[in-house]
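Whenever a hint applies, use it, and build me the whole structure from the sequences.
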Amino acid sequence: MDHRPQAWGRPRDDVYGAYDHSYLQNSGPKQATQAPIVTGTSVIAMKYKDGVVMAADNLASYGSLARFPDVKRLRVFLDSSVVGFSGDVSDMQFLDRHLTDLSIDEAYEDPSCTAAPNGKGHLNAANLHKYLQKLLYKRRNDFDPLWNQLLIAGFDGHSKPYLASVDLRGTSFTSPSLATGFGSALAQPIMRRYAETEEDAAKLTREQAVEVIKECMKVLYYRDARSLDRYSIAVVTKDGVELKEDEQLEKQSWAFAERIKGYGTQTV
Amino acid sequence: MAAMFSQNPLMNGPNYSFNDAPRTAAPEGARQHRFDPYTDNGGSTLAIAGADFTIMAGDTRLTSGYSINSRYHPKLFKIGGTTADQKDATIVLSVVGFAADGEALKERLDAICKMYRYRHGKPMSVKACAQRLSTILYQKRFFPYYVYAILGGLDEEGKGAVYSYDPVGSYEREQCRAGGAAASLIMPFLDNQVNFKNQYEPGSGVGHALQERERKPLTRSEGEVLVKDAFDGAVERHIEVGDGLQMMVITKDGIEEVLLPLKKD
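As given, the protein sequences belong to chains E and A, one line each in that order.
Just so you know, we're using the numbering used here here: the first sequence kicks off at 1 and counts up by one.
Just so you know, we're using the numbering used here here: the second sequence kicks off at 1 and counts up by one.
Some hints here could point you the wrong way.
Said to hold, decoys possible - Not everything, but these chain E residues come out facing chain A in the computed CB check (under 8 Å): (1) Gln34; (2) Arg140; (3) Phe143; (4) Pro145; (5) Arg169; (6) Thr171; (7) Phe173; (8) Thr174.
To be verified - Covered, in the sense of this in silico footprint (three residues per stretch, anywhere, with C-beta under 8 Å from a C-beta of chain E), are these stretches of chain A: (9) 34–44; (10) 62–68; (11) 93–107.
No lab work stands behind these hints: they were computed from the structure.
Note that beta-carbon positions come from the ideal geometry of N, C-alpha and C, so glycine has one too.
And the structure:
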C-alpha cells in the first residue's frame, strides 16, 4: 500500500511510467464561458397600475435533461426589486452572490434602506439595472460573458413601476412587458394584448396582471420543452416584494388541441 | 467582420442586416461554440442640416432577429448638458447598430463634453466634439464600437452642422446623412430631395448643356416633412424600422423634441 495520498487513484508508475503532473496544472490560456451548460428557460414580466409582476419556472436544464427541478430563478434585491435570471445557472449563482455582497454594502452605507424599501437615496430597480448592464457589458468586452438574460423589476427614481432587461452582451431595453428566451415568441404577444403601451399597463389591476402572467406560464409549459409546471411568481409593489417560490400551474387543459388542424401528423 | 463595414446589401447577399444564412456544415463533435460579442439591433437614423437649424431623427424600435425587443428605445441623445436631464445641451448624437455599444459611446462622449464644460467654462463646439468623437471611435479600432454615429448641432456661425461617422471613426461634415438598417433606402431619397441630385432645369438643353436645379437650403418645415416621408417609406420596406419617430430640432433657442407615431407592424 502506498501511503502517500497524492498517489492514490493514479496509474502505477511501475506499470505506466511516471505520472504526468502537467495535466493538473492550469497554465494554459484562461478559459472563459464558451457556452451555457445548466440553463434556465424563459422569464416573463409585465407592469401594472402600481407595480410589476414577474414569473419564471423552477427548472434548471442540462441540455434536454430536466436536471434540477427545484431551482429558484427569481431573486429579491433590498426588499424592493426583483431580478429574474434566464440562461446559465452557474453565472446566475455568481451574480446572486455578487448582489448579496452589494446589498450588504448598501445596508452598511444606509441602514434605513432595508427598513424602508422606497426611501430616497437607496439603490432602486433603475439603479440596479444600470449596474447590471455595466457589469454584463464589461464582461462581454473582456470576452468572458455572463451567459444570462436578466429582467429587472421594481421602481425608478420617480417611484413609477420599472421593468428592464439586460443580456450577455450588455444590450438593455425597457418595455411595458418583457420576456426572455422562448417567452419572447410565446408569452410576449399575449402580454402585449393587455399592455401594448405604458398607458395600457397603467390601467391594469394587480389581479389582471397576475392572471395574464399565469396564463403565459401555462402557454409556455404547453409548448416549451425545457419548462416545468412548478414556478415562482413575484409581485413588486411600493410596500415591498411578495415572492411565492413553489406555485403549481393550474387548470391545464389540452382541449384546444382537437381544434388544431393542418400540421403535424394530421393531414385534413 | 468585413461585412460589418459594408452598407452594400449586395456584398452581404440580399438579406436583412442579421445573419439568417444557413451555417456551413461542420463535422459533428468538431463544432466550436464561439462567443460573438456583436449583434445588430436594427433601426435607422437620419440628419439634415439647414441654414440655421439641424434636424436629427431616428425610429424607436429595438430588434433582435425577427423579434421586437422594445417599441420605445431612443437612438437620439442630447450631449454635454450640465445636468442629467440635459436641459442646456446644444449637441445631439444619434447612434444605430449595436445598441450596447451605442449606449457606451453616448455615455463616454457625454462625460467628455461635461468635463470640457467644467474645465473651460463653456460648452464644447460641434466641431471640437466631432473631432473628439472620431478619436474615441478610432481608439477602439481593433475592437470597434459597432455603431453608425451622426452628430448634429450648430457651427460657430450658427449654421446647421451634421457630422457622420463609420464604426472606426472616419468622419465628414455633410448636408444630410442617413444611417443604420434603412440607410440604403433613405440616402438616395435625401440626395434627390436635399441636394437636388438628378434634378435639372426643364428645357435647359440636352446632355452636358442640361443645367442643374439651383440648390438652396431647406426651410425647417420642409425638412420635417422630408424626415417623416423618409421614415414612412423605410417602415414600409424594412422590417427593422418602425414603431415611433423621435425627432430633435436644434436651433439657437435650444433643442426641441418631437415624437411621432410610425407603423407598428
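Verify the interface restraint on E:Pro145: the C-beta must sit less than 8 Å from at least one C-beta of chain A. holds, 6 Å
Verify this for me: three or more residues of the stretch 93–107 of chain A with a beta carbon less than 8 Å from a beta carbon of chain E. It holds: at least three residues are needed, and the stretch 93–107 of chain A offers 5 whose Cβ sits within less than 8 Å of chain E.
Supplied contact hint for E:Gln34, tested at 8 Å Cβ to chain A: Holds, because the Cβ-Cβ distance from E:Gln34 to chain A comes to roughly 5 Å (cut-off 8 Å).
Would the stated hint for E:Phe143 survive a check requiring a Cβ distance to chain A of less than 8 Å? holds, 6 Å
Interface hint check: E:Arg169, Cβ to nearest Cβ on chain A, cutoff 8 Å. Holds or violated? Holds, because the Cβ-Cβ distance from E:Arg169 to chain A comes to roughly 5 Å (cut-off 8 Å).
At a threshold of 8 Å, is the proposed contact between E:Phe173 and chain A supported by beta-carbon distances? Hint holds; E:Phe173 Cβ to chain A Cβ min 4 Å, cut 8 Å.
Interface hint for E:Thr171, Cβ within 8 Å of any Cβ on chain A: This hint holds: E:Thr171 lies near chain A, its Cβ roughly 5 Å from the closest one there, short of 8 Å.
Holds or violated: is there a CB of chain A closer than 8 Å to the CB of E:Thr174? holds, 6 Å
Tell me if chain E covers the stretch 34–44 of chain A under the three-residue, 8 Å CB rule, please? Check passed, 6 qualifying residues.
Chain E covers the stretch 62–68 of chain A, three or more CB atoms within 8 Å, holds or violated: That given contact holds, which follows from 3 residues of the stretch 62–68 of chain A lying within Cβ reach (below 8 Å) of chain E.
Could you check if E:Arg140 really has its C-beta closer than 8 Å to a C-beta on chain A? Nearest chain A Cβ about 5 Å off; hint holds.
Every hint from the earlier list agrees with this structure, and none is contradicted.
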